[in-house]
Amino acid sequence: MSGAEMGDEAVVDTMQDGETISRTILRLVSVLKDRKPSELEQPLYNAIDPEALNSLFQEQSMGKLTFKYHGCTVTVWSSGKVSVEPSQSIE
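Residue numbering for the sequence shown follows our numbering, starting at 776 and increasing by one per position.
Hints should not be assumed to be uniformly reliable.
Quick list of the computed label-pair ranges, beta carbon to beta carbon [said to hold, decoys possible]: (1) Thr850 to Asn821: 15 to 23 angstroms; (2) Thr848 to Pro812: 17 to 25 angstroms; (3) Leu840 to Gln863: 12 to 20 angstroms.
Taking lysine-lysine pairs in the DSSO-like style, the calculated list, with each CA pair at most 27 angstroms apart, reads [to be verified]: (4) Lys843 to Lys856; (5) Lys843 to Lys808; (6) Lys808 to Lys856; (7) Lys856 to Lys811; (8) Lys843 to Lys811.
Note that these hints are calculated values from the structure, not bench results. Glycine included, every Cβ here is placed at the ideal spot set by N, Cα and C.
Can you make the complete structure from the sequences, with help from the hints?
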């Protein structure tokens, strides 16, 4: 793995050379879930359109996007930084 940092139940890293933002998300969720990306039960496209996500952040747009995926809250910044943390469930 690259320079992904695990904080208090969160994983943060930036896109690596040649990596799409959707691949970065899959890589970090798999680190948090302690699984290989191919072992994640829920495809990313069930939460968000990966092609649209990749396109949005290729165009050097400003801002950030937050969404839920695989029991995690994923935040993506226009800089290529990605944060993945367990979702807080309210019961």
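So, going through the hints one by one against the coordinates:
1. Thr850 to Asn821: 15 to 23 angstroms: holds (18 angstroms)
2. Thr848 to Pro812: 17 to 25 angstroms: Taking Cβ atoms as reference, Thr848 and Pro812 lie about 18 angstroms apart, which means the hint holds.
3. Leu840 to Gln863: 12 to 20 angstroms: Holds: the Cβ-Cβ distance is about 19 angstroms, inside 12 to 20 angstroms.
4. Lys843 to Lys856: Given pair Lys843, Lys856 holds - Cα atoms ~16 angstroms apart, limit 27 angstroms.
5. Lys843 to Lys808: holds (14 angstroms)
6. Lys808 to Lys856: The given pair, whose Cα atoms are some 19 angstroms apart, holds under the 27 angstroms limit.
7. Lys856 to Lys811: holds (21 angstroms)
8. Lys843 to Lys811: Since the Cα atoms of Lys843 and Lys811 sit roughly 19 angstroms apart, the hinted pair holds (cutoff 27 angstroms).
Taken one by one, the earlier hints all hold for this structure without exception.
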